[in-house]
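Peer 1: In case you want the letters, here they are:
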Amino acid sequence: MNKLIYLDNAATTRLKSEVFDVMKPYFCEKYGNPSSIYSFADDSKAAVDKARNQIADLIGAKDNEIYFTAGGSESDNWALKATAEAYKSKGNHIITTKIEHHAILHTCQWLERQGYEVTYLDVDENGLVKLDELKKAIKPTTILISIMAANNEIGTVEPLAQIGKIAKENKILFHTDAVQAFGHININVDEMNIDMLSASGHKIHGPKGVGIMYIRKGVKIGSFVHGGAQERKRRAGTHNVPSIVGMGQAAQIAKENLEEYTKNVSKLRDHLIERIENEIPYSKLNGDRKNRLPNNVNFCFRFIEGESMLILLDNKGICGSSGSACTSGSLDPSHVLLAIGLPHEIAHGSLRLTLSDETTLEEVDYTVDELKKIISRLRSMSPLYEDFIAKEA
Amino acid sequence: MNKLIYLDNAATTRLKSEVFDVMKPYFCEKYGNPSSIYSFADDSKAAVDKARNQIADLIGAKDNEIYFTAGGSESDNWALKATAEAYKSKGNHIITTKIEHHAILHTCQWLERQGYEVTYLDVDENGLVKLDELKKAIKPTTILISIMAANNEIGTVEPLAQIGKIAKENKILFHTDAVQAFGHININVDEMNIDMLSASGHKIHGPKGVGIMYIRKGVKIGSFVHGGAQERKRRAGTHNVPSIVGMGQAAQIAKENLEEYTKNVSKLRDHLIERIENEIPYSKLNGDRKNRLPNNVNFCFRFIEGESMLILLDNKGICGSSGSACTSGSLDPSHVLLAIGLPHEIAHGSLRLTLSDETTLEEVDYTVDELKKIISRLRSMSPLYEDFIAKEA
Amino acid sequence: MYSEKVMDHFNNPRNVGEIEDASGVGTVGNAKCGDIMRMYLKIDDNGVIQEAKFKTFGCGAAVATSSISTEMVTGKTIQEALEVTNKAVMEALDGLPPVKVHCSLLAEEAIHAALWDYAEKNGIKIEGLEKPKADISEGEEEEDY
Amino acid sequence: MYSEKVMDHFNNPRNVGEIEDASGVGTVGNAKCGDIMRMYLKIDDNGVIQEAKFKTFGCGAAVATSSISTEMVTGKTIQEALEVTNKAVMEALDGLPPVKVHCSLLAEEAIHAALWDYAEKNGIKIEGLEKPKADISEGEEEEDY
Ligand SMILES: Cc1ncc(COP(=O)(O)O)c(C=O)c1O
Ligand SMILES: Cc1ncc(COP(=O)(O)O)c(C=O)c1O
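Protein chains in written order, with UniProt numbering: chain A, 1 to 393; chain B, 1 to 393; chain C, 1 to 145; chain D, 1 to 145.
In case anyone wonders, no lab produced these hints; they're calculated from the structure. A quick note: this is a predicted structure, and the numbers were derived from the prediction, not measured. Please note that a few of the clues may not be correct.
[To be verified] Computed cross-link-like contacts, DSS-like style, restricted to lysine-lysine with a CA-CA straight-line distance of at most 25 angstroms:
{"#": "1", "chain 1": "B", "residue 1": "K3", "chain 2": "A", "residue 2": "K24"}
{"#": "2", "chain 1": "D", "residue 1": "K5", "chain 2": "B", "residue 2": "K45"}
{"#": "3", "chain 1": "D", "residue 1": "K32", "chain 2": "A", "residue 2": "K284"}
{"#": "4", "chain 1": "D", "residue 1": "K53", "chain 2": "A", "residue 2": "K391"}
{"#": "5", "chain 1": "A", "residue 1": "K217", "chain 2": "A", "residue 2": "K233"}
[Said to hold, decoys possible] Simulated coverage check for chain C against chain B, where a stretch passes if three residues somewhere in it have a Cβ under 8 angstroms from a Cβ of chain B:
{"#": "6", "stretch": "9 to 15"}
{"#": "7", "stretch": "29 to 41"}
Heads up, the beta-carbon is just placed ideally off N, CA and C, and yes, glycines get one too.
One chain only, chain A, in its complex shape:
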């Protein structure tokens, strides 16, 4: 096998060894349940408090506004379902977008089945929410605006501050799914008027299976996971101490490195984009060129299908992902690519490469070199390409 070139950091990231080292004592030694009253549990308690503080720090929140969950999906479900329940008497209308993660979209569909009304906003061809359409969508019954901070497929960063302002002016709660943005771009819940925010540990080189929900003081939502009195009685379940510690540490590292990360990784990203655009014909960059996650590259290559591309990249040790139907496990290609206006056959040929601060220039260059060969090989066996060339001739 070749050396591993991991360019799927939007799917999950490598747990940083520094993070693992901080987690380690909480597995077999400091294993006490933080809810216990004996002093053996003091370390666990202090560790959870510290992590809460590290995370609050990254987004300008107060410690007691951070609630630990099992991941981004749970946080998204919690935000939407509990808001719908708590603010039912105020209204039944929720505004979101067509390019949200399924954790939001499927939850919205579930809410529709419970009698809620959901508006799914269109986005422009770069994946940006149209603010005037957002304003127009607001009704007297609107209780929540849930718009992602950054898209997981095409990397587009939404205008959070402006959305927050609109929400605030209309006295509507604003939730943002920041799973891809948290630790990757600067977010400040006060400056951006964010009332609730979802994030996940494993997207920032922290552990899997842990996430957070930021809930602004004063937001009156109840629990999603009912049970014990953990997390100020808002989220039941024995604290997952090692993972919480890991997410805290990862957040702190992300904060410390944010400037450097942004600079280095977006430079690599731009190099990758430039080489592909220059060297591979019939390719198209997806997502906004400027308002873009530092680590996201997403292209469509015409006449070929994403899964075959991935397998051939895999043969060369390169890990990427695609929005093709074959890889999404459904018959349609990515709803995000369709929402930005791509026809199905183009969307099937998408490739997402997402970098990290562990990615090197050599890896990026090697990837482009191999990608070029792969794409011309696949085109040479594509009936679509055959027809296209025949027409051109």
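The hints should help you fit chains B, C and D with the ligands onto chain A, whose structure is shown.
Peer 2: Frame of chain A; chains B, C and D with the ligands shown alone:
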């Protein structure tokens, strides 16, 4: 500080080093997302499959009937809420008991607020469900019976097979919260006619923040955490691979050791019970003497309050827990102790000591020696004891 | 969870016990709620508290607040003792966890109850002292976990 | 996810390309669904398939099923080629993941479409061969993840 004597294994357990060793590679090396298609993720996928099999094996289930969650609380919420939703057209009545964990009780209370009807069965003075009352509680609208496999406070093991039989005869789904029983006593979902079962990793020397729900093939419940297509589209969220692997390994170890565990730990338990009963006056064993978890000891000591007992035990390095109001964070003592008929003032003086296969005879003996001194010290400063002695005299 | 001061007073409680010929005895709280505090006061002819003792059934905070309040009232006049409020007790203990604030209320009430008993026995009226409630009410909503 | 056989046929597809003077050409699937398979057959006067080639736009399974089905029909009579069903293709590949079963249907359809084209060009009727659907329907409900 003294050597740590950890007798709170019902709260959480020490992660076994053998389990940690198996988890380790999945943090920083085999960190791939099992939903990805490149071969780097094959290890993660295989690891999740293996864990699923290890867990299925422990309870006589099929692999594809095991769904990974973030813990016992989530599984309990899922079982109740999704069953209520899916079988709404059949009825709106759920039967449970007064001694369930809050993950069940608070979820039931939430369901009541949504219009469901819940019967909370009484238990006898040992905490056993009365089967005739269960039968009487069944209505044409009953869609679910949820009764715990073993109680977390008093260790009473419920007659699962008989409950399952009643459920089956009446064509009602049977869910059991087996968080305390899983890996501690023998459970077979087919023989006991269990349709759904909740379990948690950290109660069997596995990791925190991971659990499972067993769902019998044919049970038509939907998701609780909506989103991605993981877990046969029934539970969204990136797989927590290291913890899943750990829970699988812990389940396998539990299965292999079950016989020895039962023998050794219940012997220690009985020794502890006997010494307390013989050496500490005005003490009362809570829970059923025979149908009892191998590792559970629960006593009430009259005239004293649980939290002070715990602090003084803690001074000696001994970790225990209590059902007193002070430790539950509410004003009432444990609902379980009240349900078995104890008056408030007695319930406040409860102490739970829960053993593991790592507990030694020396630890148990030392604990009783210290406990004796602590109890007489607390009684000497108790106005209740003063009054009692005055009356006796 | 507890401050060092609380732990010190819990582990080494001052003035545990009874006063046989107490000038006033007050018992507050109830066993149902898990807290009973009984305070014994010995008050001299000048109305100065010479000695204070307690017995308590309750949690660590209940024992510690009892202990420190016996210290705080000793040597004080009755009027001064009335200023040993739950706030003062809490401060003297370097704070209590939010769920334990009611224990400091209990201590204040125990002092009042013992003084009330003294006043009744001596047929006097202590200015600013009201008849103690039979029970300690619990109004606090738990803010923290 | 894929068997070794599938990976072998995907990585080293047999008979990729076009046949200039093909006896029959069939194109099935559509780009919208992400799968297009085009099969070229060269059939001799005895009705034996001398050569088969393909071009495919689609996933790994689509390429592999195309590849193996060109091998499977080569040397066969038309009637024998009709027995190269999707089941046979799947078996020859040591199975396909449940979500990929439709790819093997596509291969079967591609053979049929090429034979239909051959029959039309030659004005004959092949027994047991129906006019290929314009599109491949997708009835399978995904059982696995
Ligand atoms: C009987 C029972 N059910 C549910 C739970 C909740 O499990 P977890 O804390 O892992 O979510 C527990 C443990 O606290 C329990 O003992
Ligand atoms: C934007 C977005 N939201 C939510 C999620 C779900 O997060 P998790 O898989 O940690 O539950 C993801 C990750 O897959 C994501 O990218």
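Peer 1: Compare the structure with each hint and give your call.
Peer 2: Now the hints, each set against the structure:
Distance hint between K3 (chain B) and K24 (chain A) is fulfilled; the C-alpha atoms sit about 21 angstroms from each other, no more than 25 angstroms. Proximity of K5 (chain D) to K45 (chain B) is assessed by CA-CA distance (about 20 angstroms); at most 25 angstroms being required, the pair is judged to hold. With a CA separation close to 18 angstroms, the supplied pair K32 (chain D) and K284 (chain A) stays within the 25 angstroms bound. A hinted pair counts as satisfied when its Cα atoms are at most 25 angstroms apart, and K53 (chain D) with K391 (chain A) qualifies at roughly 21 angstroms.
Taking the CA atoms of K217 (chain A) and K233 (chain A), the gap is about 14 angstroms. The hint holds against a cut of 25 angstroms. Counting residues of the stretch 9 to 15 of chain C whose beta carbon lies closer than 8 angstroms to any beta carbon of chain B gives 3, which meets the minimum of three for the stated coverage. Here's how the stretch 29 to 41 of chain C fares: 8 of its residues keep a CB closer than 8 angstroms to some CB of chain B, so the rule of at least three is met and the hint holds.
The earlier numbered hints are all upheld by this structure, with none contradicted.
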